[in-house]
Amino acid sequence: MSAKKSTRARGKASSRASQYSGEANAVSQAYDVASLPMDDAAATPHQCSGPLPKKVSKKESQQDSSAAAAEGEIIATPQPTLGEAETASLAESTLQFLVDGTSVVSSVTEAILSVYRSGAKERALCAVLNVLAKAAGVAEVELDASALVDGVEIGPLLEELYARVPEDSEAYLLVNKDVKYKRFRRTFPEWCASLMQDGFASDVLLDGTFLPILSQWIIAMSESKSRSFRHTATVALLAFVQALSSVAANLQSQLSLLRSKKTISVVQRKRNKVVEWRDHVFSQAIHQRLRDIAPDIRLAGFQALRRWILEYPEEYMTNRYLRYLGMPLHDKRPELRAEALDTILQALAHVPDAYSRLHLFLQYFTSRLVELSNDVDVRCTELAIRVVAMMVRSDSDVPEGSELLSNERVDQVLLTLFDERPSIRAAAGILLKVFIHCRTAAEESEAAQVSAATELLCSFAATLRSQYREAMPEKYLIDALWTPERPPLLLTDFQPILAAAQSDKPLDAVVGLQLMAALLLKVQGRLTLGPLPKDDRRGGTVTASKKIPPAAKGEAEALLHRLSEDAVHALSTILEVHCGSEDVLQAAAEVCAALDFSTFSSQRHQAALSALLIELRKATLNASCTALEMRESLTKAWHQLAFTEHPLRNEAHAHLQELLKNVMAQFSQAVRAPSRSSEGNSLADAADLLHAWARVNLASALVPMGAHWPQIQTALTGILAAQPAADASLVMLVVGAAVQCLLWQVHSSADEANPALSLSQLKAHVRGVVAGVLQYQAETEEEAQATASPGAAADGAAVLARAEVFVYLCDLLALPYYNLAQAQQEMLVRLLRGLYERVSAELRTAQDYLKMHVLEHRAQQQQCPSQAASWAPASVTELVAARRVCSRVEALQLRLVTGVARLFLFKRFDAILAAPFLSLWTHTSSKTVSDAFKSLFHTLRDRAGDDGFTLERDILLAAYHHCVEVGATPFSVEALYQIGLKLSSVHFIGTDRLYSCCPAMVRFGADFAASTDPLLLQAVSSYAGKLRPADALHVLRDQLSRCSLFTEATNSYVLAFVTALRKAAKLDDSTAPSSIAGGKRRQALAGTTQLAEEEGMLNAITQGLPDCSNAATAAASSSALTVGPGQRISVASRVVTADGWHVRAAGASQGNAEDAVEVEVSQGQRTSAAARPRRSVVNVPTTQETALSSLADGLDSDEVFVATEEYE
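Quick note on numbering: UniProt numbering labels position 128 of the sequence shown as 128, and the sequence is numbered without any gaps.
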């Protein structure tokens, strides 16, 4: 290329490169490694022995260029210029081979090395550098050979190369998601490594020219301001270090085989040189890139560091390199945290003597590893728990007092056993098994080991119950320990657990019984711990998909039979010993509900079961049964005993009838007691009455009570009409018992041959209960509104009890035995709104309370780690209690919504009342409840058969009328905006089949604002943003331009509405592409809108309407300062911040099986295992099982980052 052509090429890019001219980093003319910045722990290679590498001189460059010219090649003048790319140049052909992936990488490398060996060194080196530049996005130009002579400044040339990256180019090749570049991400680092390995094999690598020039240019490229240059250069340098490490390892292995001192000296010098260059590249480039601002570059660096640590532990598993793993442990990107954790995990499992090598590192970062066991990311949490498990395993071989993890820290991590995500519970189960094994492995016999492990397990469960107030820790422990394909001896040999259940101490008995109940349920596959969360859907299917061997199934069946038989023989004695203990009764009921009666055929078994029925009936009759958990446990127990096929089923029915007789006798006595008691005994009589109704409620769930219906109906009528109103908990029990009695009557009336009640009688009973409950709800709501004050706190227990009564009412109304009048339906929906708002307030209070305790707990752990152990029980107890309350209130709110939604689905309510009910959509912070509203909305909209406009309009009007009714307070105006935002969010621009609803809603809102009130525009503004540009232009021209309300807009709602329409019509100049975090390359906006359907349309609109972009901002700023209670707030004051760029959720994708990292048992662990011939009572996982995460193949390295398509 001529100098003139080069100047012209420079002129094209001068504007682009000028921004970097002031900050260019000049490179020294002589290759002086000592002058480069170096790491404090990584010395440069040339500070040791040996001469400095020589830079290519001008004379050598000209001679090599002349040699190349003699072969007919086109050589540039010896000026540092950029030349226009030749047709099918060596760099282009090399890049094409790497992209196609059809050729062997070694053959592509050999093509360049052959050019280098032939004497055209500059051409070969330029080809390598141009491949990197083209991979980074540079087009049309290539480096000339004259750029490699002495005295050339690399910085300006790199800036000019970057200036040649087209503005509208695609993402650079390493992050381009196009399928054709998938092979390139694999072949490119292989090619870079092959350059080093093949270059060494052909005596090119250490010739003083090849490696110095490449490292100088690529290191300078890795320091560029361009992300594409830094990323491409970093990947190349990482491959260089990988290859140099491999060459050094091969040379080291050769040294042990050589005998000649001269040969050994030569090989040793070569190895030293290779190691010096490897350390130089690391200290001068990779050391900085591990701190790069771009997360994908950091990730590439730490992935390479992990590979080196595992492949070359002698070189890299030292504190010099391990210290870098501390940075990603605190990185904000979960992928980087997971990479560091997986590196530590695989090193502990794979590398012999890894624990001693990592001891100082683990000692320093122990607190951080424990913190990561509660990470927000599923994969990070799982890996952190597995790392802790490996540390506990390794701590068992060190002297006492030298452990890295104290018992308090291990207990803190073991609390993840109660996580809602199955993957986390599985990892915590591995930790529990390792912990039990390490604490019991020193026992002399297997029986002693099982006994010690059982004692440890029961002690842990008792601590969780007594100090942390966990409701069912035994279920989580059994779920973590049990593996169906290999059941642990700790659970199959259950005699120590049975002995704990027969203890004289109530707490030990409860723990033992609950462990037995959980084990029975787990063996039968009936143990459930709640629904799977969305961020860990896969975790629950990993274990479920495993096939269980037939032998294991047979052993589990035998275990089920033995445990059921032994439990029945022990339960009667346990109930007799702990008579009066409701906790023991509830635990025994849980065991009864899980029993398997298929083998109860012998007289001995039947006698034990008969004794159990007698003791259980006595205990049930003496229990208070006021707690919902107690009633549910007893109901499940008696249902299993009386309604499951076994020889004593009829006897169980007889016991139920006897129980009902005794319960009704107690009830009659409790009902008559208040009439003849004095004031001093009123509290005791009220408690007896509450207990009596609780037992009636329990009995009504087990047996028909049609004969006692008159007695129950009379008592129900009196309690509902009592003045002052009766206790809400008592009303809930009474209404629940009455509804269950009616359901039994409905069931018996279905028998056409012998109906217990006529249809008219049944309808009369239902009508009486509905009328009484409806009147009670109305009176209670009026009393609540009359006594409520702005600062007063509502009685949470009373509100929740009222909600339970309302759910019972919905259950009755769903039956086709009573039709509410229109006035009653409207009253019911009105009562629902008040009750629902109070339940929502209770949920928000519970969530705020939970959040406060979570923050306090974290602050205590972070600020005072030394005192965290003493504070942990109290803080965790409050945290668990707050979480339990929050879950119960959310579940009750969901039941309330689904109960009313069922009435609309069954057409028991008029469809016109759906709008006031759906206007409550935004009053919940629970996504589950919101999904119930959304499902009902879609069903009713599809049932209507139109485009949804009628239903959505009615919902908005219902929300508007409520807003006006309460005085347009900030809270109600915000609710109005939220309902509009919620409804408009179900429409999608361009793909929505019901899009016609959006322009219709906008026109309706404009008409309503002009004729009635602009307040409705607070909700309609969200629809304006969904309009297509042509529709928005029509609305602006046909409606808004003819109305003074919009042309002379001063109202904040009108301003926000007009602004949204102008943005949808592409009229605002402010609608430039917003840049999100990461600074994507801005695309030039070209062309004008093509949606104007007639000439002069835009001018007519802009002349008829004010420019609202500035006016809206001014109105928002002024209204934001004057908003007070009772005043209206403007949506124009909202500031929507752009969310940062996101990645796919961990574990959300299915990766390839080859991505899972296999680990091997280290040599030291084999020796330790051989010294203990007995098998573990908990089937302690191997190091491979511990290190192989269930989410190992859940991440696709090609899809980790989305924003890496950016150049800057």
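Keep in mind that the hints were calculated from the coordinates and are not lab data.
Do not rely on the hints blindly, as some may be mistaken.
Under the rule of at most 27 Å between Cα atoms (straight-line distance), these lysine-lysine pairs were calculated in the DSS-like manner [said to hold, decoys possible]:
{"hint": "1", "residue 1": "K636", "residue 2": "K618"}
{"hint": "2", "residue 1": "K262", "residue 2": "K332"}
{"hint": "3", "residue 1": "K534", "residue 2": "K851"}
{"hint": "4", "residue 1": "K547", "residue 2": "K534"}
{"hint": "5", "residue 1": "K851", "residue 2": "K907"}
{"hint": "6", "residue 1": "K225", "residue 2": "K261"}
{"hint": "7", "residue 1": "K225", "residue 2": "K270"}
Each pair of labels, with its calculated beta carbon distance range [as the list claims (entries may be wrong)]:
{"hint": "8", "residue 1": "Q467", "residue 2": "S668", "range": "39 to 45 Å"}
{"hint": "9", "residue 1": "D583", "residue 2": "R672", "range": "28 to 34 Å"}
{"hint": "10", "residue 1": "K851", "residue 2": "V986", "range": "54 to 60 Å"}
Each residue gets a CB set at the ideal place from its N, CA and C atoms; glycine is no exception.
Verification of the hints:
{"no.": "1", "hint": "K636 <-> K618", "in the structure": "17 Å, holds"}
{"no.": "2", "hint": "K262 <-> K332", "in the structure": "53 Å, violated"}
{"no.": "3", "hint": "K534 <-> K851", "in the structure": "21 Å, holds"}
{"no.": "4", "hint": "K547 <-> K534", "in the structure": "25 Å, holds"}
{"no.": "5", "hint": "K851 <-> K907", "in the structure": "40 Å, violated"}
{"no.": "6", "hint": "K225 <-> K261", "in the structure": "49 Å, violated"}
{"no.": "7", "hint": "K225 <-> K270", "in the structure": "35 Å, violated"}
{"no.": "8", "hint": "Q467 <-> S668: 39 to 45 Å", "in the structure": "43 Å, holds"}
{"no.": "9", "hint": "D583 <-> R672: 28 to 34 Å", "in the structure": "32 Å, holds"}
{"no.": "10", "hint": "K851 <-> V986: 54 to 60 Å", "in the structure": "29 Å, violated"}
Of the numbered hints given earlier, the model fails hints 2, 5, 6, 7 and 10; all others are met.
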